[in-house]
Amino acid sequence: MTRRAVDTKRRILLESQIDRLKKHQYKSKGQSILDPYMNVFWKWLVEQVPMWVAPNLLTWVGLMVNVITTALVVFYNPSMEEGVQVPSWVYVLCALGIFFYQSLDNIDGKQARRTGSATPLGELFDHGCDSVSTSVVVVGVLTALQVGSSLLGFLTAAQAICLFYFAHWECYVKGRVHFNTVDVTEAQWTIIMVHLLTAIFGEGIWGAEVFGFPARQFVLVPTLAVAAFTMASYYNSIWEGGSGPANTSAAATGILSPMTALVAWCLGVWHMHSLEAASDLPAIFILGAGCASAKITCQLIVAHMTKSPVPQFDISHAVPLLSYISAGGTFFMDGHTFLLAACIFWFIDLWIYGIQICLDISQSFGIKVFSITPKPQPDDADAH
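In this text, residue positions in the sequence shown follow my numbering: the first is -10, and each later residue adds one.
Some hints could be false.
[Unchecked claim] The calculated lysine-lysine pairs, modelled on BS3-like cross-linking and capped at a C-alpha distance of 30 Å, are:
| # | residue 1 | residue 2 |
| --- | --- | --- |
| 1 | Lys11 | Lys357 |
| 2 | Lys357 | Lys99 |
| 3 | Lys12 | Lys99 |
| 4 | Lys357 | Lys16 |
| 5 | Lys32 | Lys18 |
| 6 | Lys296 | Lys16 |
| 7 | Lys12 | Lys296 |
| 8 | Lys16 | Lys99 |
| 9 | Lys11 | Lys99 |
| 10 | Lys357 | Lys296 |
| 11 | Lys32 | Lys12 |
| 12 | Lys99 | Lys18 |
| 13 | Lys16 | Lys32 |
Calculated directly from the structure, the hints in this document are not laboratory data.
Construct the entire structure; sequences and hints are all you get.
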């Protein structure tokens, strides 16, 4: 065994967690309204993909397209302020990016089964990319709606991120993923329509008054209401008890144990949202906070798949704590510099964690992340 292999092996996961991960099986329940109709297209689409293309590569390419298109709209309007004109083609690209990601995200599992390359790494990689995509997509649509640093816009972003965490919290407790009648597919199509309407009629459409209220509120308020209802249903399901012994979680831990990390994140971003720097650069702040939430969500997903306790505190929680102690900055930099540094730290921290987890699993399973590992073929002598 090489020195490099020794250095990179078991970066995060314990041997016992790897053993439990090898026994993990993906389970799901339910489907949304649009899923049966879209599934016809997705089944056709996966048949067009070459057999040598790895499922994780599909997921990654889709996410990168989503990130690039959202980065374009943020480049033109990082403050998400009303009155800033963004070229129409940028919104068209955002809509296409979401559709592209949706398509690849829904065929990666099909490609895995089709090529016989389904592994727990694929499930984690898929859901991990989804956790990142959540904040990316939210920033894109909030920029199109030009919510600025409004409380309504911040709550929409925070609730979308929390909703994704709640979905995996329930999965941790029940041992399976639950798809609601109105779920991710419907949300993605709603956002696609917002981008296309913005491209056609301009950003001003969302500032136009309807019954005395800006039109954007007729998008944001119902979204908040549906998300609140869905979160309540998740919590009720969690409170009923889990699939473990004595109604504990599937990992035989307390059903409320994932709450600590989420509450710490919520309190932290609520404090930082009130800072002047976050108000000036809301898109950057939400993307950074989204990276922090993606990491704790990935930790929850890993805990579910390895049947392990959920980490109660993460280094990403220290950033808002430092901001609170130093009254919105630090002793050696101003608030805006601190915010940018915090967002960069959150991104790098998530990136390192993701690489380490992927290395752990890929090395333990003897597979590659972005290519299909050929299965060993029996020798001619063994074949007779």
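Check the hint pairing Lys16 with Lys32 against an upper bound of 30 Å on the C-alpha distance. 20 Å, holds
With a cut-off of 30 Å on the C-alpha distance, tell me whether Lys99 and Lys18 pass. 17 Å, holds
Regarding the pair Lys357 and Lys296, is the alpha-carbon distance no greater than 30 Å? 24 Å, holds
Would the pair Lys296 and Lys16 pass a check requiring their Cα atoms to be no farther apart than 30 Å? Between Lys296 and Lys16 the Cα gap is close to 14 Å, so the pair holds against 30 Å.
When you check the alpha-carbon spacing of Lys12 and Lys99, does it fall within 30 Å? At roughly 20 Å apart (the allowed maximum being 30 Å), Lys99 and Lys12 satisfy the hint.
Keeping to a limit of 30 Å between CA atoms, is the pair of Lys357 and Lys16 held or broken? At roughly 24 Å apart (the allowed maximum being 30 Å), Lys16 and Lys357 satisfy the hint.
When you check the alpha-carbon spacing of Lys357 and Lys99, does it fall within 30 Å? 18 Å, holds
Straight-line Cα separation of Lys32 and Lys12 no greater than 30 Å? 28 Å, holds
Is the straight-line distance between the alpha-carbon of Lys12 and that of Lys296 30 Å or less? 10 Å, holds
Hinted pair, alpha-carbon criterion (30 Å max): Lys11, Lys357. Please report holds or violated. 16 Å, holds
Are Lys32 and Lys18 close enough, with their CA atoms no more than 30 Å apart? Holds - the C-alpha atoms of Lys18 and Lys32 are around 19 Å apart, at most 30 Å.
Are the Cα positions of Lys11 and Lys99 separated by 30 Å at most? 20 Å, holds
Checked against the numbered hints above, the structure breaks none of them.
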